[in-house]
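Each chain is listed here by its residues.
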Amino acid sequence: MKLNNPRYNLMELMVCVASRQLEDGKTAVIGTGMPLSAAMLAQKMASPNLVILFEAGGVAPKLERLPISVADSNTQTGGLLHTSMDVIFEACQRGTIDYTFLGGAQIDMYGNINSSMIGTDYNHPKVRLPGSGGANDLASLCWKTLIITPHDKRRFTNKLDFLTSPGYLTGPGARERAGLPAGSGPYKVISTLALMGYDPETKRMRVESLHSGVTKEEVIENTSFEMFFVDPLPETPEPTDQELRVLREEVDPLGLVIGKSGQ
Amino acid sequence: MNEQVPTLLSQGELFSSPCVEEARSFFMQKPRTMSNKLMSVSEAVSRFVHDGDYIASGGFGGVRIATAVLHEMVRQHKKNLGLSGHTATHDFQILAAGRCFDRCDIAYIVGLEMRGLSANARRYMESGAVKMTEWSNATLAWRYKAASMGVPFLPTRVLMGTDTMKYSAAKTIECPFTGQKLVAVPALYPDVGIIHVHRADIYGNCQVDGITIADYDVGRCSKRIIITTERLVDTDEIRKDPLKTLVPFWLVDAVCHVPYGSYPGNMPYEYFSDEDHLAEWMEAEKDPGVFEKFIDKYIYGIKDFSEYLELNGGEARMAELRELEPLQRDGVRVVARAGGSR
Numbered sequence: 001m002k003l004n005n006p007r008y009n010l011m012e013l014m015v016c017v018a019s020r021q022l023e024d025g026k027t028a029v030i031g032t033g034m035p036l037s038a039a040m041l042a043q044k045m046a047s048p049n050l051v052i053l054f055e056a057g058g059v060a061p062k063l064e065r066l067p068i069s070v071a072d073s074n075t076q077t078g079g080l081l082h083t084s085m086d087v088i089f090e091a092c093q094r095g096t097i098d099y100t101f102l103g104g105a106q107i108d109m110y111g112n113i114n115s116s117m118i119g120t121d122y123n124h125p126k127v128r129l130p131g132s133g134g135a136n137d138l139a140s141l142c143w144k145t146l147i148i149t150p151h152d153k154r155r156f157t158n159k160l161d162f163l164t165s166p167g168y169l170t171g172p173g174a175r176e177r178a179g180l181p182a183g184s185g186p187y188k189v190i191s192t193l194a195l196m197g198y199d200p201e202t203k204r205m206r207v208e209s210l211h212s213g214v215t216k217e218e219v220i221e222n223t224s225f226e227m228f229f230v231d232p233l234p235e236t237p238e239p240t241d242q243e244l245r246v247l248r249e250e251v252d253p254l255g256l257v258i259g260k261s262g263q
Numbered sequence: 264m265n266e267q268v269p270t271l272l273s274q275g276e277l278f279s280s281p282c283v284e285e286a287r288s289f290f291m292q293k294p295r296t297m298s299n300k301l302m303s304v305s306e307a308v309s310r311f312v313h314d315g316d317y318i319a320s321g322g323f324g325g326v327r328i329a330t331a332v333l334h335e336m337v338r339q340h341k342k343n344l345g346l347s348g349h350t351a352t353h354d355f356q357i358l359a360a361g362r363c364f365d366r367c368d369i370a371y372i373v374g375l376e377m378r379g380l381s382a383n384a385r386r387y388m389e390s391g392a393v394k395m396t397e398w399s400n401a402t403l404a405w406r407y408k409a410a411s412m413g414v415p416f417l418p419t420r421v422l423m424g425t426d427t428m429k430y431s432a433a434k435t436i437e438c439p440f441t442g443q444k445l446v447a448v449p450a451l452y453p454d455v456g457i458i459h460v461h462r463a464d465i466y467g468n469c470q471v472d473g474i475t476i477a478d479y480d481v482g483r484c485s486k487r488i489i490i491t492t493e494r495l496v497d498t499d500e501i502r503k504d505p506l507k508t509l510v511p512f513w514l515v516d517a518v519c520h521v522p523y524g525s526y527p528g529n530m531p532y533e534y535f536s537d538e539d540h541l542a543e544w545m546e547a548e549k550d551p552g553v554f555e556k557f558i559d560k561y562i563y564g565i566k567d568f569s570e571y572l573e574l575n576g577g578e579a580r581m582a583e584l585r586e587l588e589p590l591q592r593d594g595v596r597v598v599a600r601a602g603g604s605r
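Read top to bottom, the protein sequences are chains A and B.
Using my numbering, the letters of the first sequence map in sequence onto residues 1 to 263.
Using my numbering, the letters of the second sequence map in sequence onto residues 264 to 605.
Any given hint could be a false lead.
With a straight-line Cα cutoff of 20 Å, these simulated EDC-like cross-link-like pairs (lysine to aspartate or glutamate) come out [said to hold, decoys possible]:
(1) Lys-260(A) <-> Asp-539(B)
(2) Lys-429(B) <-> Glu-176(A)
(3) Lys-434(B) <-> Glu-306(B)
(4) Lys-394(B) <-> Asp-121(A)
No wet-lab data here; the hints were simulated from the structure.
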């Protein structure tokens, strides 16, 4: 993936764009890595009252250092509540959690995610991946699911090797027919190339803005399924100097997330 | 809700019985006496963990885990265990190193969150040596909870429409009141639960500080419970702040005094994780030959967990990890204490 702008790398770009999708005054259960960096940045920028919860039981901490585990001490510093995993997922199931923010090895056109295995034989996987963790639960129960992932043909796949966590499943109405909570589902996908959302009618993924310097053709080349585009198609606002400063100095000074290559 | 609910079949194997009557019979005969249960980790593992048992590891993979018990299960060559792969990271890595289990309920395995995937755990799971059934963090937590409640299942609103459901042993049911489609997850009664805590008395009354993850329920659904503790305290100390009590004495079978017992994991309010040593694990695992020597050095070739701590810098390193711990009690950093003897 080429990136012409010397001001930021691909990880910084994704985290900054992702952070702007989290509205102030909402609740969010967040996974480690890029999603958490984005949520921490959001809190320090436009969404100071974003309530961050961790599936292990940490609620509304004053996040001082970027946690490396969703259970480590950094998820608990200055917290409003130290509780347990069942309580967090029950809050999701009850309908009180607005966002979840996840990663994943593969994503399809309906926002379904694979984080379980690569290969064709479940019992003899080519690569065994961690599994659902809390992802199936969060993608089932939170109102809006955001995904952050590098953009390539392998990840943006036509057919998942394993459907770990539900997006819109097979299309409009499929979540409700399956028994999942009405009105919940995929919301945004932030990649190295674009910001994507979903067509409200077809539930198919579509590009809502292209990152600076990226072309439609580049997105099409790097996506295995047919990608749609809104018209007119805007450009994603670039990371601002202030976003980059806060991200580098306050959110991830050790470069745990933004120091990685983005591939 | 007139629509006929189709029965969604799952094909995963159920590795443990959700029968509440069997569980009640077991719990009926379990002694309630407030007796001294203090013993070494070696004794606890040889007495209470048997080949073939189903194990639930408390904490969260690399946070507040009972590392000494996990090492001892490897050292004693425990085999054919069932494992609840719930939030399983470094704990999973240890038991995979010993090839201790041959069946696993999977919510989160093989990975160590931001640290990447364990090469050895991956090889073990990709080898076909382990029977797998898929779940999720919530469903395994709720399976513990159902067992703790003494009911054979809990209704939930997750897994639906996914391969996680297909490869689980959950079942689709209809709510008898509303007709709502639900997924029933079966009670999980592990044979042995292992939990590391901040303080315990010799009878098993124990407390943790900070988040409890699924341990409140692990401490109730497990048939036998081994507690390792940072500190041994008098029962009066427990009574001072009973809201913090995780498990009362009559559920506990063994209490082991293991300072730094979550090492190299994080122990909230005590010490942070040893990321350098965890990185050594990850590096050594890349080459099976190198990893064999690594495990010989750190587990098979030593007597107990205190030797493991010594191999990793002993008290000096532990003091550094205390300095790195961000959570402080009452604003006062807990000072590193010498020793670790009883």
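Hints, verified against the model:
1. Lys-260(A) <-> Asp-539(B): holds (18 Å)
2. Lys-429(B) <-> Glu-176(A): Satisfied, since the Cα-Cα distance of roughly 18 Å is no more than 20 Å.
3. Lys-434(B) <-> Glu-306(B): Since the Cα atoms of Lys-434(B) and Glu-306(B) sit roughly 40 Å apart, the hinted pair is violated (cutoff 20 Å).
4. Lys-394(B) <-> Asp-121(A): Roughly 13 Å separates the two Cα atoms, so the pair holds.
Going through the hint list in order, the structure does not satisfy hint 3, though it satisfies all others.
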